[in-house]
Every structure is written in structure tokens, then in C-alpha cells.
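A.B. asks: One line per chain: the protein sequences are P and C, in this order.
For the first sequence, my numbering begins at 38 and goes up steadily by one.
For the second sequence, my numbering begins at 4 and goes up steadily by one.
Treat each hint with caution, since some may be false.
Okay, the calculated beta carbon distance ranges per label pair [what the hints assert, rightly or not]:
id : chain 1 : residue 1 : chain 2 : residue 2 : range
1  : P       : 240       : C       : 385       : 55 to 61 Å
2  : C       : 576       : P       : 314       : 39 to 45 Å
3  : P       : 393       : C       : 429       : 52 to 58 Å
4  : C       : 422       : P       : 386       : 48 to 54 Å
5  : C       : 633       : P       : 83        : 45 to 51 Å
Treat the hints as calculated values from the structure; they're not laboratory data.
Backbone N, C-alpha and C define an ideal beta-carbon position, used for all residues, glycine too.
What follows is the residue order along each chain.
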Amino acid sequence: MFYVTHNPYISEHSEKLLTSLILYLLDCRWSVHDDVILLWQDYVSDWTPEETVKRMQQGKVYSLEKFRSLQDKLLLLDEAVNAHDGNVITAVLIYLKKSLSKEILFRELITREIALRHYIHYLKEIGEQKLLLMQYRDHLNVRDENKRRDFLKNCLSFPFSPDDATHVQDHYTLLERQIIIEANDKQVESSGQADIFKKYPRKASILNMPIITTLYYSCFYHYGESDGTFSSPANIRKTFRISDKQFLLTCLGARAKLKAWFDVDALFTTKNWLGYTKKRSPIGFHRIVDILQKNNAPVQVLQDYVNLVEDVEQKISLAQKYKCHDVIINTYRDLKDRQQLIVYRGKVERSSSEYRKIEEILSNSVRLWGEVSPRYRSRICFPSSKLNLNH
Amino acid sequence: MRVLFKLVLLSQVGWQSFDHFMTACHGARPGVMVVFNLAAAVTMSAWCSETECVDCRLGLLSAPLMDLPQVTREVNGWAGVSLCSTSGPMAHSVRRDAPELPDFSLLKRLARDQLIYLLEQLPGRKDLFIEADLMSPLDRIANVTTLKQHDVDKLYKVEHKPIVSTSDQLCFLIRPRIKTVKWICDVVNADKAFGRFRRYKIIFSPQKFYACENLLEEQGIFGDVTTDEWSFYLLPLDDDIISLELPEFFRDYFLEGDQRWVRTAGSALHLLHSVYGPFSKVYGIGRCSKMAYESWREQVEEGEQRARQAEIGNVFLIDRDVDLVTPLCSQVVYEGLVDDIFRIKCGCVEFCPDVTSSDKSIKVMLNSQDKVFNEIRNEHFSQVFGFLSQKARNLQTAYDKRSGMDIKQMKTFVSEELKGLKQEHRLLSLHIGASESMMKKKTKQDFQELLKTEHSLLEGFEIRECISYIEEHINRQVSMVESMRLLCLLSLTENGLLPKDYRSLKNQFLQSYGIEHLLTFSNLKQLGLLVEQQPGETLTVMESRVGKLVNDKTAGKLTDAFSSLAKKSNFRALGRRLNLVPKSDEEYDLRVPRDMAYIFSGAYIPLSCKLIEQVLERDGWTGLEEVTRMLNGHEFAVTAGSNGSDARVKTDSQRIILVMFLGGCTFSEISALRFLGREKGLKFIVVTTAITNSARLLESMLDNHA
């Protein structure tokens, strides 16, 4: 206080102000003495942008008010950026936001990338930033589904990139559909009209679920509906351009869950122009077996698909994993691998039908066996000799 | 050398009472004293020179004053403990091949004392509100009892909801986040509207931001609330791991481009430098590293320099975005795997009931104190089972010793060995339980196939198959983060996805996991984790040149050839240059690893650790010009200039290297560095903004919650 009252350059009014300020500072800070004295000393000599930034970094008293011309403000900003201290950069930006018009500030920030990113992040944090995707993001804050749908509809007019625009359009269409399906199914379920809802009550609403979950739902509850209805799998597939592979996987999961093995079968069956049927799949049959097995498919169903696996070794290993005896026996028979059959005979129950089947094959005429086909010799002999060692 | 004694002294404390204690310490082992004030330092150094106690280290730290009885009690407590444990021989048995680590528990005490001081600034009973993610770090520093001793009445977690406290004084211990400060403003303004008078104090950790204070001002409560800073920069998680516990560092800096934590990193480094330095050499790579380094230098220049013997010689700073591939790989080293599956939080893991084979889950501290864990943490998971079963057999033998003992032997056995054995038994069964549970989880989700895909991506082999594997992963709606992880790995290793693949995979991803992930994709793109190859960016020049020479038809074919050329990414080039991906046809013995690749089953040497190895070997970046060019530069190697007089100490400290990861590091990387340390006779101390893994890293990119 001594210094203050003895300074001739200060008017009485500002003297009072300064005194109260210093008193205040002394009140709320515990080690303020140096600062206060410095504040006083610098009251007459201005701080350069560099000094100001340094003081801000050190948490000392500073003042931004005297940076009034645009040039001074920008010098200060550039100095803050040079100091690599995000905290100070943001502090300067807050001051510029208060003291510059939006247009001018943005015009200057365009050429200052680091400062711009700080500014955008700050605005984002205080909830003022409304960039394109952020506006779309706001739909997450809308709880009511009808309002959310309307919000998304509103988003459709935003200038997204063509790709993103498609996705936002999809999002809107999806929610629109889900609202219709949800209303309908809720009503059907509570009225108790459809067996499927009684047998498998819905665990959750379909609102706001992803497209694939919606498709799964539709394959589960609305299988076999005509293409025209919004809830039919075919319609969803078409509307959202779902790939064959994706459609098959989802559908397979849903039908297998319901143990509708006939539907599963139909998924893979194709007819050629002569009327012959053939099973085809856009993904490997070993994967199909996996999925079926995870849904607890019985051996009778599984083995049909194990049989369709092309790679012989993979087929045998899958068959062994899931105990499809017939597939194994038949495969060895077709490979004419007597050795493996004998080994396998040791692994099945003596009284079982599999045992009898192996016996039958083995006792068949020797002519049937002949030489092991050279194509498979190398492949089969190695594991079989290894197995013998184990015995 | 192991640091045994730490003293916190005040000039007011009676010195005579320490004299006999000091003599005892000195006679037993060399120690370190930390003195909290100048007068004390002078007295101490006088004492040391009188008694020629050269091994006592004196440091001067500015820390707030504490209440006197507390200090005396603590010092006495210490004296008791220490004197009991000094039965060992004179400890100069420092092994030449591996210098001992400095003692970092001092950092905890510093933080604790400052916190207590800050709490005392609001005298009287008060309720304390703690930011959710500060709770675990706080727990490592000061337990509830300590807080209660300093007039903390009730403890609450910050939940951004209206509060129910009846206390007249509220203290908030928070991170400097706008959202939390906004909540406090709401609390205070609600009180005001209600006509209720309370005193409020906000303690920001590790520092406050102007943006937060500005918010207080805007909301009209500046002045009603006092603010303070708890400079709790560094939390030692283990002997060789120190964390800043700032997981948001990664997103804030690398995604948002906000440099708010740069100075924090510099200050953390400054703290380490002033306690364990002076550093003699600083290496680094990355823009953020460079800025943090400069910030630290500035702070060094601002403060005063003291000549001291260094405990840490060299420092290596590295930005996380120098190597984003490594944290995205599945971890297969025990500690990393535990982190991936159970999530280690602040050095502590919660094992669920199927691990503990009881009906409760148990919280377990995972660090070098756990003797069983300490032996397996760095091992490849395939080796762990064998080790544990061997250990179990040994334990059985030790138990079996009981049979055929007479009463006296039995008595010694029970009093000396049994407790240790029991403890080991408990830990052993926990880790066996954890291994089994992890095994189960991993076999369920076809872990082998997943690893195979990852390795193919790293090797750049059968990329088409990898893409269809990822596609199927997405189609089956298996874990969203895993799908994203694989997509990012694909993009990083292939230097971006072909536009056609990018569109198709993005489309399927959005279909499977929700369209709002548009935001996630935009973030991933911004950060460069998942990008589209820019068609023609690298081709146009070559193409147009060649196009002039040949007719159109051949030019078409050439374009195909070039696009395969363009796919050769920086990662591939770096991989070749630094030999990151060992040849896959060689057998790799995981039991006796030959290089750091063992942490990824011999498939890949982490780029981050390889860089560290190379730079230390070359003592700089010479010869690595091409590598740094591919990594976007910003490398540096500076001699900080220390002239330690004691040659022995100097060389020892030279072999202690502090590696600071800006943006987080994984347990696998720490394991790799430990391996490197053992190979080269070095000791690494890892300082990281947070421990990370693929899930944490990718979850920080999500924007899809309201």
C-alpha cells in the first residue's frame, strides 16, 4: 500500500480503485505480494504481448484490456500460439470473442489453423458450435422418437457430402419405418393375435436400433410377409441396399434361432433351368456350420452343411468337432482310406449304428478298396501314421 | 540404489531428535532426504558434510506447510519402520548390468501434502465432491481416513445432478472441464436462488484453465467461489510406470487440435527434472513432444538451477500418433491381455466372480509387489500356464515339507514360511483363475483367426482375405470396437483404403452398428486412423509422364500396376526399413524371445519401441533420416548439459531412461521396453499421459452418446 499512496502519477480515483483491487487480491490469494507489487510497477509501463502471454502462463496477474486495436489483438493471439499453451490460446480467444465481431474474428482465424481449432473446440465445449455434423449429432439429444424423426428430416436439407447425405437419408427412413413397425407390433403383441409374439415376447423396442438389427427383427417376427409391407425382410433389404452376404447372415441367424430349419434350407437352395436343386452360399459353408452350431442346430441339420464344405480336411475336422459320424465315414469311404476307417472304428461305440456301418464298408469286397488314390496319399498318410503312434 | 529413507522436515522441528536417527540411517544404508524448506536444507547439508554422508541426497522443493504434529508423527513412524528393516548388508551392491530405479513414492507424498494443505485452506467441516475419474488416482494418494482427518465430512462422486449435501462448506476436487464447472455453477446458482449461504472451493487438478474461470465469471459466481490448483501431475503406478492419468489428452490434442495439455506435460517433465534430474540428454519425435520439450525448457529457465547428482540421465519423448499401429494390436502379453479383457484401472483390476471362483468379485492391485504377477506380467500368454503350474507344484512341495517335522521345526515353519506361502497361494490361484477365464473368452470368439488376420495385415499378406474377414465381422454384428479396430489397422497398414472398399465397409458398418457412427467415421478420418486413399494423389505425375509415351491401352494396364505401387504405405516402408516384421516362415521361440517382437507372438516389433532402441543405440537420429521423413519429422536430440562430477553415478544415471508417451502407451509397449532394458543393461521408466489400449483409444473417438 505504501507504494500506491506515494505515486504522483495516479489520480485519486484510480488510486482508490487500485487500492481496493490490491486489497481484494490480498484477500483471495495467499502468495500475492510479488504480483501486487509487479502489478503496480507495470501499471505505468505496458506489457508487451510476449510478457502478457508469459504472465498468463505463470498464472500471474495480467490484463488484456489494453489490446484494443485489431493489430494488437492479433499480435497477442500469435504470441499465444507461439507459446504452445492451449490454455492461454483459448483465454486470448475468449477475449477476442468478446471484443471482436464474429465476422472479423472468423476472417482472421481462417488463416490461423491452430487458433481456429482451439476456437472450434472451445465453442464445442460450451455448446455453441454448430458445424455440419455437430448439428446432425444433436439428434441424439432428442428423446421423443417422433420429434427425433422430424429433427432428422430437417437434417436432410443440410449440405452433406453425397455419401453422408445418403446415410442421413437412410437414418431418417429407418426411424420412420421403425416407428410404424413398433406401433403395429406393440398393438399385435398386446392383443395376443400372433403366436410368434406369444412364444417369443419382444425383449426391447425396435426404435433406434441399427439397420441390421431391424432386419433381424423382421426376419424373426415378419418372415414371409409380402414385399409390399414395410416390415418385410425383402422390403428392408431393398430399401437399405443390403448385400446378399449380409442379408443371408442375418436371415440365417434369425431363422436358426427359431429352429426353422426348413427356412434355413430354403435360403441356400437354388434351382437351375432343368429343375435340379443345388445349395449355394455367398460365404463358405464352414461359416454356415459355425453359425448353425452356435444356434444349437441338431446333428441331422449340421451334417448336411458339413457335407457341403469343399476342403476335405476342413470337412473332416468340422465333422469331428460336431460329431457328424456319417460325414466322416462317408468321406473316408470316398477317399478309399481303409486305415482311417479302422482308426475311426476304434472311436465309436461297439453297439452303435456307426460301428456297423464301418464294419460293412470294411468287409465289402477288396476290389472296392484297391489302391489309395495317389491324390490324397500324401495328405492322409501323414496324420494317420501320427495317430497310430499315439495308439 | 534403493532409496530407503525420506524425511519431510520443517525448520521448526527440533533437530536434536533426529540426530540419532540420522546416524542410524547413515550407518545402515545410503538414503535420500527431501527437505521442504530452505532452512532445513541448510541444516541438513551441514549435518551431512560433518558426518561425510555423501550418499544422502538433498533436494529443495517448494511445498506448502503442513501441521506440525502430523509431520512429527509420521517421521517417528518412519524411523521405526526403517530401523527395523535395515538388517541387510551395506548396500553398495548395485549390479552393473541394471541400475536401480529412483524411488517415485516421493511424488505421491508431494501430492498428498499439497492436497492436505489445500483442504486446510477451507477450514472447518466440509463435504468433498470428487470428479469420477479422479477417484482412483486420489485413492492412491490419500485414503478416506486421511481426508476425514482434515475435516472432510462426506465424500461424493460428481454426477452432474443436483446435490443433497447439508454442509455449509462445499469443496470440489475436479479436472478443469467446462462440463463440470458448469455443473458447479448450477449448484451455486441454485443455492443462491434458494437463499442459502455456503462457502465453495474448487480445486482444479492438475491445473486450472482460463476457460473454466471465464465460465465462473459468466455465470456470476466468480468471487463466490475460491479456486485453487492441486499440481498433482504424476501418479506412480509402479516402480517403473508413472501416469498423468489424463486419458483425454489423446482426444484433445490429436483429434481436436487443442494444446491445453502441452504445458501440463512440460510441467510434469519439469517436476521429474527437478527431483530426479538434471537430465543430460533429451531425444524426441513428434510435434507435441517438441512443444512439451520447449515448454519444459522455458520452465527450467524460469526457475533456479541447482547442481545435483542425477538419478535419471536420458529422456525420450514420443507422440502417440508417431505409432498408432501398436496400440491397435491385440495384446498377448499377460499384463496387456488382462488390461484388454478386464481393464486395469489405475494399477488395479477387478476380477469378476468366474475368476475368483467365489460369488464376489475382488479388486487386486497389479504391480511389482505381487510376486506372482511380477514374474508373469511380461510373458507371452502361451507361456503363462506352464509357469503357473510349475509354481503351483513348487508351492505344494513347500507345503509338503510339513510332514516329518518335529514341533520345533513346525513352529518355525508356521511363524516364518506359512504366511508367505499362503499369500503366494492366494495370488497364484487368482492368476490361474484369470488365465482360465481369459482363455475361455478368447477361444469363444475365434481368437486365433482374429490374430491371424492381424498378423496378415501387419505383414501385408492376403489383404483381400483380411478385408472379407473384417466384412464378416461387421456383418455378424460382433463387437463394434473390434470391427473398428480392424478397419483402422487395415487403413494404417495399407496407407488408407481403396475408395471402393472404404465406401462399402463404411456402409456395412453403419448398417450393423448404427448410422450415428457417421460421427465416429468423421473423427477417425480427421485423426488419420481410417482414411480413404486419394486416387491419383501419388500417381498423376508418373502416370501422365508415362501416358505420353505409350498408347492408351497400355496406359490402362500401367495404371493398375501403379495403384498397387501406391498402396505401399509408410507403414510398409517403415517396416522394411526398421525390420519391424520378422519373416513369418521362421520358428519363433516365445519361451526365449530373441527380440521385442515376442510381445506380438513374434509377428511385429512395436514401432515406438524400435525407434527408442535405434535412437539410443545411435545416440541421436543420424542414419534415420529416411525414417523420420516418413514419420513427418519433428525429431530432436538435445544435450541438456550436465556435468556430474561422480563418474559412477553419471554412468548409472545414463542407463536410466525416461520415456514419455504423449497420448498414452500400452502395457505391451512397457513389456517390450522392459525386455529391451534387460538386453541392453538399461532401465526404462515409462511416463505416460495414460495407460491405453485399443478399446480405450477407439472409444475416445466415439461421439454417439447424448
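A.B. asks: Please flag the earlier hints that this structure goes against, numbers listed from lowest up.
C.D. replies: Hints 1, 2 contradicted; others consistent.
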